[in-house]
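*Asks:* One letter stands for each residue in the lines below.
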Amino acid sequence: MKGALFLGWRYLAFHKFKTAILAASITLMLFLPAATRLLVNDSAEALTSRARQTPLVMGAAGSPLELVLSSLYFHAESPPAISFATFTELRDTGLALAIPMNTRFHSRGSPIVGTSLDYFDFRNLELAEGRMMGMLGECVIGARVAAAHSIAAGDSLVSSPETVFDIAGVYPLKMTITGVLAPNGSADDDAIFVDYKTTWVIQGLGHGHQDVAKPGAASGVLNRSEGMVTANASVVEYAEITPANVAEFHFHGANAEFPLNSVIMVPPDEKNAALLRGRYQDNEQGLQMIVPTSVLNELLDTVFTVQNYIILGLAILSLATAAVITLVFLLSQQLRKGEFHTLSRIGASKTYIAMLIASEIGFVLLGSLVLAAGLTVVIRHYALQILQSFLSL
Amino acid sequence: MREVPGSSAMIELKGVDFRYPSSGGFAMRIDEASIPAGDCIAVVGPSGSGKTTLLSLLAGILAPARGTVVINGTDLCSLEDRQRRRFRIQHIGQVFQAFELLHYLTVIENVMLPHYILASGKDQQDLRQRALDLLCDVGLGDKADSRPAELSHGEQQRVAVCRAMLNQPALLLADEPTGNLDQDNKQNVVDLLLDQARRNNSTLLMVTHDRSLLDSFSTVLDIRSVVLGSAHQGTGYP
Numbered sequence: 001m002k003g004a005l006f007l008g009w010r011y012l013a014f015h016k017f018k019t020a021i022l023a024a025s026i027t028l029m030l031f032l033p034a035a036t037r038l039l040v041n042d043s044a045e046a047l048t049s050r051a052r053q054t055p056l057v058m059g060a061a062g063s064p065l066e067l068v069l070s071s072l073y074f075h076a077e078s079p080p081a082i083s084f085a086t087f088t089e090l091r092d093t094g095l096a097l098a099i100p101m102n103t104r105f106h107s108r109g110s111p112i113v114g115t116s117l118d119y120f121d122f123r124n125l126e127l128a129e130g131r132m133m134g135m136l137g138e139c140v141i142g143a144r145v146a147a148a149h150s151i152a153a154g155d156s157l158v159s160s161p162e163t164v165f166d167i168a169g170v171y172p173l174k175m176t177i178t179g180v181l182a183p184n185g186s187a188d189d190d191a192i193f194v195d196y197k198t199t200w201v202i203q204g205l206g207h208g209h210q211d212v213a214k215p216g217a218a219s220g221v222l223n224r225s226e227g228m229v230t231a232n233a234s235v236v237e238y239a240e241i242t243p244a245n246v247a248e249f250h251f252h253g254a255n256a257e258f259p260l261n262s263v264i265m266v267p268p269d270e271k272n273a274a275l276l277r278g279r280y281q282d283n284e285q286g287l288q289m290i291v292p293t294s295v296l297n298e299l300l301d302t303v304f305t306v307q308n309y310i311i312l313g314l315a316i317l318s319l320a321t322a323a324v325i326t327l328v329f330l331l332s333q334q335l336r337k338g339e340f341h342t343l344s345r346i347g348a349s350k351t352y353i354a355m356l357i358a359s360e361i362g363f364v365l366l367g368s369l370v371l372a373a374g375l376t377v378v379i380r381h382y383a384l385q386i387l388q389s390f391l392s393l
Numbered sequence: 001m002r003e004v005p006g007s008s009a010m011i012e013l014k015g016v017d018f019r020y021p022s023s024g025g026f027a028m029r030i031d032e033a034s035i036p037a038g039d040c041i042a043v044v045g046p047s048g049s050g051k052t053t054l055l056s057l058l059a060g061i062l063a064p065a066r067g068t069v070v071i072n073g074t075d076l077c078s079l080e081d082r083q084r085r086r087f088r089i090q091h092i093g094q095v096f097q098a099f100e101l102l103h104y105l106t107v108i109e110n111v112m113l114p115h116y117i118l119a120s121g122k123d124q125q126d127l128r129q130r131a132l133d134l135l136c137d138v139g140l141g142d143k144a145d146s147r148p149a150e151l152s153h154g155e156q157q158r159v160a161v162c163r164a165m166l167n168q169p170a171l172l173l174a175d176e177p178t179g180n181l182d183q184d185n186k187q188n189v190v191d192l193l194l195d196q197a198r199r200n201n202s203t204l205l206m207v208t209h210d211r212s213l214l215d216s217f218s219t220v221l222d223i224r225s226v227v228l229g230s231a232h233q234g235t236g237y238p
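Chains A and B, in that order, are what the protein sequence lines are. In terms of the working numbering, the first sequence has 364 at position 364, counting the first letter as 1, and numbering is strictly consecutive. In terms of the working numbering, the second sequence has 14 at position 14, counting the first letter as 1, and numbering is strictly consecutive.
Hints are not guaranteed to be accurate.
To spell it out: a stretch of chain A is covered by chain B in this simulated footprint if at least three of its residues, at any positions, have a beta carbon under 8 Å from a beta carbon of chain B; those stretches are [what the hints assert, rightly or not]: (1) 7–19; (2) 345–353.
Counterexamples of contact, computed for chain B against chain A with all Cβ distances above 12 Å [unchecked claim]: (3) Glu109; (4) Arg163; (5) Ala164.
FYI, nobody ran anything at the bench for these hints, they're computed from the structure. If you're wondering where the values come from, they're calculated on a predicted model, not measured in any experiment. Every residue gets a Cβ at the ideal spot worked out from N, C-alpha and C, and that includes glycine.
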């Protein structure tokens with residue numbers, strides 16, 4: 001037995017290239033279905049764990065999935081806006097903690113999330129350095145944003161225009177970073193958090209400019225009438241909110257009409273949750289109250305179906321590969337007939353020769369199994385990072 | 001294993017009747033033959049006369065339908081296949097025409113091949129040392145870790161001789177070991193076989209077609225003098 005193992009090992013060691021190809025093929029046959037299942041399961045878990053932490057989301061009627069992806073993962077196109085009045089109405093019901101969310105804008109490819117300080121408590125987000133935003137125009141950034149751009153508290157970020165030619169709409173706003181969040185392995189690591197009113201400034205609903213009542217702006221004033229000043233473009237408009245000019249910032253129009261993407265609702269118990277859902281079940285104001293886990297379960301049903309098709313495809317591919325490997329192996333045995341004949345003439349039994357062949361198969365299978373297991377462990381270890389880098393969950 | 005009492009000959013054949021099972025296969029009959037221990041014999045005869053078959057019968061690779069083949073006092077015909085193989089590895093060394101070294105083993109591993117087939121229970125280091133000593137004896141000590149493909153034909157056959165001698169066999173069977181060699185190497189290999197056989201007090205039977213090598217042997221055996229009848233099946237014995 002020991003001798004057959006030794007000869008089998010020496011044969012494989014001598015034919016390194018052939019052995020490596022065989023082992024790699026079998027490794028892939030074992031690893032790919034396992035890795036697919038692992039990644040799908042882990043991504044499902046990552047998706048649903050954040051959804052489980054988010055009891056209810058209110059948004060405009062439309063795609064529930066888009067609403068969830070936008071509110072929880074800051075992905076996808078912004079869903080249709082709801083008014084700030086809707087938020088105040090929800091807040092005033094007293095049935096749940098209401099957290100406003102406005103995720104329409106970006107800076108350096110990262111989403112700008114306009115929200116309130118309640119969001120940080122709700123998600124258990126902690127600061128790694130600096131302080132929370134305390135003023136219009138200040139922001140707190142996620143750990144991966146800080147790492148990716150090598151920025152920290154005290155630096156600044158400029159919001160991106162929505163399109164290159166968006167001259168009249170969204171103005172770039174320079175935002176001061178007041179703090180960096182500790183990493184928590186979620187979409188929050190990739191986000192830039194501001195007060196929701198700051199997103200209104202970015203949108204152009206609020207702005208700050210030189211006080212036209214002061215003498216310095218006199219040359220820019222075209223007309224003064226009761227309660228109305230008309231000025232030309234020479235009046236200086238601020239692109240950054242600082243303690244010195246924050247008083248000059250103001251909003252035009254009624255706040256109640258200003259937009260939000262959604263409102264995260266955190267009821268204290270099931271009863272309040274049921275009351276809230278009942279209240280907005282057949283809403284005729286173009287609103288919807290969704291349970292993120294339900295929405296994601298529907299998505300995951302589709303994902304698992306696709307996964308099963310992929311695994312079926314891989315299984316068929318594996319069968320074909322196994323057939324080719326068997327053919328190669330049988331041809332190889334045919335070529336080795338002379339060698340087996342020599343062994344037999346010297347004194348080896350048929351059992352010994354069978355053991356020699358079995359040891360070669362065993363070594364290749366064992367090596368492949370170890371490799372596949374190793375790769376699976378590596379994938380398992382880095383699955384969350386891989387998923388986060390691809391999906392920003 | 002059946003020991004034959006009072007037997008002093010290395011090889012004793014009695015009433016051996018052998019035929020290959022396939023139709024039209026070769027058949028052979030030997031009434032009686034005996035070869036004393038320590039003899040070095042060249043076996044000659046025309047092609048198809050049964051030289052290789054005789055060696056296979058003596059090695060226990062083939063079993064006769066009738067009769068007895070006694071090697072060193074043991075009747076091979078009384079042994080089970082497994083016992084016959086064990087006996088072959090322990091007591092009989094074989095050298096083949098085409099060397100038949102395993103390409104994926106080193107030279108020294110090829111010499112130790114009988115040990116890998118049948119763990120002898122001997123110390124691995126001792127066996128390795130013996131293999132190395134054998135290689136040094138034939139001038140290949142510095143090529144112990146080479147592969148067979150890196151050696152010349154003459155060197156490969158010397159390795160094959162070392163492999164046959166590893167277990168210090170009582171009987172050394174060589175089936176046209178010089179068939180693939182040039183004249184110089186032929187004589188060298190024959191000298192090597194004779195030298196190893198004498199050192200080990202082994203009985204040597206070497207099949208050859210080359211009459212120029214016969215002078216080196218004490219006895220030349222024409223197979224036709226031993227085999228009473230050899231014929232292709234169907235024609236019967238004369």
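*Asks:* All hints are to be evaluated individually against the structure, with a verdict given for each.
*Replies:* Status of the hints after comparison with the structure:
no.	hint	verdict
1	7–19	holds (count 6)
2	345–353	holds (count 6)
3	Glu109	7 Å, violated
4	Arg163	8 Å, violated
5	Ala164	9 Å, violated
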